[in-house]
Amino acid sequence: MESQNQFLKALTSPETQEVAFKKLVVDYKERLYWHIRKILIDHNDADDALQNTFVKVYENIRKFKGNSSIYTWMYKIATNEALNLLDKKSKQLGISNEEWIEKKTDLLESDVYFDSNAMLIKLQKAIGSLPEKQRIVFNMRHYEEMKYEEMSEILGTSVGGLKASYHHAMTKIKNIINE
Amino acid sequence: MSRFTNKSPFKVPKGYFEDFDSRLIQKIKNTSEKNGFNIPNGYFQRVEKDILNKVKYPNHRTATLVSPLWKIASIIVLMFLFYYNEQSMLNQNEFAEFYIEDYLMFNTTYEIADHSDYSFENSNFSSSYESMSIDDAIELRLYGELPTNLNLFDDE
Numbered sequence: 000m001e002s003q004n005q006f007l008k009a010l011t012s013p014e015t016q017e018v019a020f021k022k023l024v025v026d027y028k029e030r031l032y033w034h035i036r037k038i039l040i041d042h043n044d045a046d047d048a049l050q051n052t053f054v055k056v057y058e059n060i061r062k063f064k065g066n067s068s069i070y071t072w073m074y075k076i077a078t079n080e081a082l083n084l085l086d087k088k089s090k091q092l093g094i095s096n097e098e099w100i101e102k103k104t105d106l107l108e109s110d111v112y113f114d115s116n117a118m119l120i121k122l123q124k125a126i127g128s129l130p131e132k133q134r135i136v137f138n139m140r141h142y143e144e145m146k147y148e149e150m151s152e153i154l155g156t157s158v159g160g161l162k163a164s165y166h167h168a169m170t171k172i173k174n175i176i177n178e
Numbered sequence: 000m001s002r003f004t005n006k007s008p009f010k011v012p013k014g015y016f017e018d019f020d021s022r023l024i025q026k027i028k029n030t031s032e033k034n035g036f037n038i039p040n041g042y043f044q045r046v047e048k049d050i051l052n053k054v055k056y057p058n059h060r061t062a063t064l065v066s067p068l069w070k071i072a073s074i075i076v077l078m079f080l081f082y083y084n085e086q087s088m089l090n091q092n093e094f095a096e097f098y099i100e101d102y103l104m105f106n107t108t109y110e111i112a113d114h115s116d117y118s119f120e121n122s123n124f125s126s127s128y129e130s131m132s133i134d135d136a137i138e139l140r141l142y143g144e145l146p147t148n149l150n151l152f153d154d155e
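Respectively, the protein sequence lines represent chains Z and Y. Per numbering that gives the first Met the number 0, the very first residue in the first sequence carries number 0; after that it's consecutive. Per numbering that gives the first Met the number 0, the very first residue in the second sequence carries number 0; after that it's consecutive.
For reference, chain Y alone in the conformation it holds in the complex (with noise of 0.2 Å):
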C-alpha cells in the first residue's frame, strides 16, 4: 500500500494551467462573434436609412442651373409688371381726357355749372370770396352768384 502515493496518476498537457485563462478568454471570445451583445432584427438596414435621412445634402441643381433660371425669369415678371402698370397708367389718364372732352362737348355751360352747384356753393366760391376785395364781392353777390340767377337778371 506504501507503493500507492497521494500523486494523481493524471497528466496535463505542459503548460496547461499558465495558459488556461488566455485559452478560456479566447474561448468565450469565439463562443459569441459578438460577446453576447445583440441587435434588433433589421437594424443596420434601418440605421442606415436613419442615418441617411438626418444628412441633408445641399441641393447642388438649385444651386448652379436653377436658382440663374429664377434669377432672370423673376426680373422678366418685374419688368412686365412695370409695363403693364405704365400702360394702365397711359390707359386711364386718356380714358379721363376723353370723358371730360366729351362731358364738355354734349354739356351746356349751365348743365356743367347746375352739376356741379354743391361746389360752387360750399367750397370754390366761400373760398374765393376769402381771397377778393370786399367790393369785389358785393358785385359778385348782387349781379352774378349763380350762373343760373343770369337769367333773371338780365330778364329785369
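So that you can see chain Z by itself, here it is in the shape it has in the complex (with noise of 0.2 Å):
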C-alpha cells in the first residue's frame, strides 16, 4: 500500500507524471487489452476502448482515493469503456448489445486476429451467446483468474450473486458444448 501511495504521488507530481505514466502503460496495458477483447470480441473495437481507458485513467488519476489498488480501479474504468463502446456500437445498428456480440462471433471465422479453430469458434460462441453480465462474469473468473472479491469491487455485485451468474454461464457453456 505505501509503495502504490508512493507511486501515485509519483503520477500526480508534474515532475514524475510524464515517467510514472508511462511505466502504468507499459505494466498493464496487456491485461486490460485482454479483458476489453473478451468484451468486445473485435480487435479494432478493444484497441479504441483500451486507449480511451488509459486517457481516462490519466485524466482521472487526481480523483482516485486510494480505496483498492489501482489495478482494480483501471479494471474498472476498462470494463465500462469497453461496455460504453458496445453500447455506442449496438445502438448505430438499432439492435441490443448481446445481437451485437452474436454478430461478432458470427464473424470470428473469417476474422484475421482470430484462430480459426472450430472448438475455440464453438466455445465463444457459447460464451457470446450469454447474457452481457454472465459474459463478463465467465470471463473474468474462468479465464483471467480473478477472485470473486475483486470481481464484486469491479462490477459493483455481491459476491454471492457472482457466484451465481458464474455457476449459470458454466452450466449453459457445458450445455452448448455437449449438444
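Quick caveat, the hints were computed from the structure, so don't treat them as lab data. Wrong hints could be hidden among the right ones.
Unchecked claim - From the structure, some residues in chain Z lie toward chain Y, with a derived Cβ separation under 8 Å:
id: 1; residue: F6
id: 2; residue: K8
id: 3; residue: T11
id: 4; residue: P13
id: 5; residue: D46
id: 6; residue: Y57
id: 7; residue: I60
id: 8; residue: D114
id: 9; residue: N116
id: 10; residue: Q123
Stated by the list, open to error - Per label pair, the in silico range of CB-to-CB distance:
id: 11; chain 1: Y; residue 1: K70; chain 2: Z; residue 2: K64; range: 35 to 43 Å
id: 12; chain 1: Z; residue 1: R61; chain 2: Y; residue 2: S87; range: 46 to 54 Å
id: 13; chain 1: Y; residue 1: Q44; chain 2: Z; residue 2: E17; range: 56 to 64 Å
id: 14; chain 1: Z; residue 1: N43; chain 2: Y; residue 2: I71; range: 26 to 34 Å
id: 15; chain 1: Y; residue 1: N40; chain 2: Z; residue 2: K22; range: 49 to 57 Å
id: 16; chain 1: Y; residue 1: I75; chain 2: Z; residue 2: R30; range: 53 to 61 Å
id: 17; chain 1: Y; residue 1: K48; chain 2: Z; residue 2: R61; range: 19 to 27 Å
id: 18; chain 1: Y; residue 1: L68; chain 2: Z; residue 2: K64; range: 33 to 41 Å
id: 19; chain 1: Z; residue 1: N79; chain 2: Y; residue 2: L68; range: 40 to 48 Å
id: 20; chain 1: Z; residue 1: K64; chain 2: Y; residue 2: S73; range: 35 to 43 Å
id: 21; chain 1: Z; residue 1: D86; chain 2: Y; residue 2: S73; range: 23 to 31 Å
id: 22; chain 1: Z; residue 1: K64; chain 2: Y; residue 2: I75; range: 39 to 47 Å
id: 23; chain 1: Z; residue 1: E143; chain 2: Y; residue 2: G41; range: 18 to 26 Å
Where a beta carbon is used, it is the ideal one built from N, C-alpha and C, also for glycine.
Put the two chains together into one complex; each comes in its own frame, and the hints tell you how they fit.
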C-alpha cells in the first residue's frame, strides 16, 4: 500500500508523472487489453477502448482515492469503457448488445485476428450467447482467474450474485458444447 | 455364446464422464493462451506510443520557472518601449523648437510673411475680419492688408 501511495504521488507530481504514467501503460496494457478484447471480441474495438481507458486513467488519477488497488480501479474503467463502446456500436445498428456480440462471434471464422479452430469458435459462440453480465463474469473468473471479491469491487455486484452468475454461465456453456 | 453379453469390455477411469466437459473446457483454455484471439504484430509497442501521444502532460517547467522570467522580461521590454517613446517625443520637440528658432533667425519678416501668404489670405485674415469691428476692418483693408503693401503705402 505504501508503494502504491508513492506511485500515486509520482503519477500526480508534474515532475514525475510522465515517467510514472509510462510505467503504468507498460505494466497494464496487455492485461487490460485482453479483458477488453473478451468483452468486445473485435480487435479494433478493443484497441479504441484500451486507448480511451488509459486516457481516462490519466485524466482522473487525481480523483483516485487509493481505497482499492490501482489495478482494480483501472479494471473498472476498462470494463466501463468496453461496455460504453458496446452500447454505442449496438445503438448505431439499432440492435441489443447481445445481438451485437452474436453478430461478432458469427464473424470469428473470417476474423484475421482469431485462430480458425472449430472448437475455439464453438466455445466463443457459446460464451457469446450468454447474457452480458454472465459473459463478463465468466471471462473474468474462468480466463483471468480473478477472485470474486475483486470482481465484486469492479462490477459492483455481491459475491453471492457473482457466484450464481458464474454457475449459470458454466452450465449453459457446457450444455452448448455437449450438444 | 450366451456367456457373451453386449456389455463393452472397455473401461473408463472412474468419474470420467462426470467431469468430461470441465476437462474439455480446460483443454481448450490451454490450447491457446489467448483462446483464439490474436493481435497484429507489434501491436503492444504501437499502442503504447499511441496512448502516450494522446496524453498531454502539463509543462511544469513553464509553470514554475520560465513563466515568471517571461513576465519580468515583458515588463522590462514595456518599460524600455515607454522610455524610448518618451525620449523620442522630447527629441522631436527639441528639433521642432530648434528648427523654428533657426527659421525665425535667418528669415526676414517679409520672407516669413511671404511664405505664409496663402494662409494669411485664405484663413487667418478672413477669420480675423469676423472678430473685429467694421471700421477696424476698413482701416486694415486700406492701409495694412498685406505686409508687401506696406512698402507701396510708405512710398506714396
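For each hint, the structure was consulted:
Proximity of F6(Z) to chain Y is violated relative to the hint, the smallest CB-CB distance being about 17 Å (cut-off 8 Å). A least Cβ separation of about 15 Å between K8(Z) and chain Y goes past the 8 Å threshold, and the interface hint is therefore violated. Taken as an interface hint, T11(Z) does not check out: its beta carbon lies about 11 Å from the nearest beta carbon of chain Y, beyond 8 Å. The interface hint given for P13(Z) holds, since its Cβ lies 3 Å from the closest Cβ of chain Y, which is under the 8 Å cut-off.
The criterion of a C-beta within 8 Å of any C-beta in chain Y is met by D46(Z), whose closest approach is roughly 6 Å, and the hint holds. A cut of 8 Å between beta carbons decides the hint on Y57(Z): the least distance to chain Y is about 5 Å, and the hint holds. A hinted interface residue such as I60(Z) counts as satisfied when its beta carbon comes closer than 8 Å to some beta carbon of chain Y; here the least separation is about 11 Å, so the hint is violated. Residue-level restraint check for D114(Z) holds (minimum Cβ-Cβ distance to chain Y is 4 Å; threshold 8 Å).
Annotation: N116(Z) was flagged as interfacial toward chain Y, and the flag holds, the nearest CB pair being 6 Å apart, inside 8 Å. Annotation: interface hint on Q123(Z) holds; nearest CB of chain Y at approximately 7 Å, less than 8 Å. The hinted range of 35 to 43 Å is satisfied by K70(Y) and K64(Z), whose Cβ atoms lie roughly 36 Å apart. Between R61(Z) and S87(Y), the C-beta spacing of about 52 Å keeps the proposed range 46 to 54 Å intact.
As the Cβ distance of Q44(Y) to E17(Z) is approximately 18 Å, the hint placing it in 56 to 64 Å is violated. At roughly 51 Å, the beta-carbon separation of N43(Z) and I71(Y) lies outside the given 26 to 34 Å, and the hint is violated. At roughly 24 Å, the beta-carbon separation of N40(Y) and K22(Z) lies outside the given 49 to 57 Å, and the hint is violated. For I75(Y) and R30(Z), the Cβ-Cβ distance of about 54 Å falls inside the hinted range of 53 to 61 Å, so the restraint holds.
Distance hint check: the CB atoms of K48(Y) and R61(Z) are about 24 Å apart, consistent with the given range 19 to 27 Å. L68(Y) and K64(Z) have their C-beta atoms about 37 Å apart, which keeps the hinted 33 to 41 Å range intact. Between N79(Z) and L68(Y) the beta carbon distance is about 43 Å. The supplied range of 40 to 48 Å therefore holds. Take K64(Z) and S73(Y): their Cβ atoms lie about 41 Å apart, and the range 35 to 43 Å holds.
At about 50 Å, the CB distance of D86(Z) to S73(Y) disagrees with the hint of 23 to 31 Å. Separated by about 46 Å at the C-beta atoms, K64(Z) and I75(Y) satisfy the suggested range of 39 to 47 Å. With their beta carbons about 24 Å apart, E143(Z) and G41(Y) fall inside the hinted range of 18 to 26 Å.
Hints 1, 2, 3, 7, 13, 14, 15, 21, counting from the list given before, are not met by this structure.
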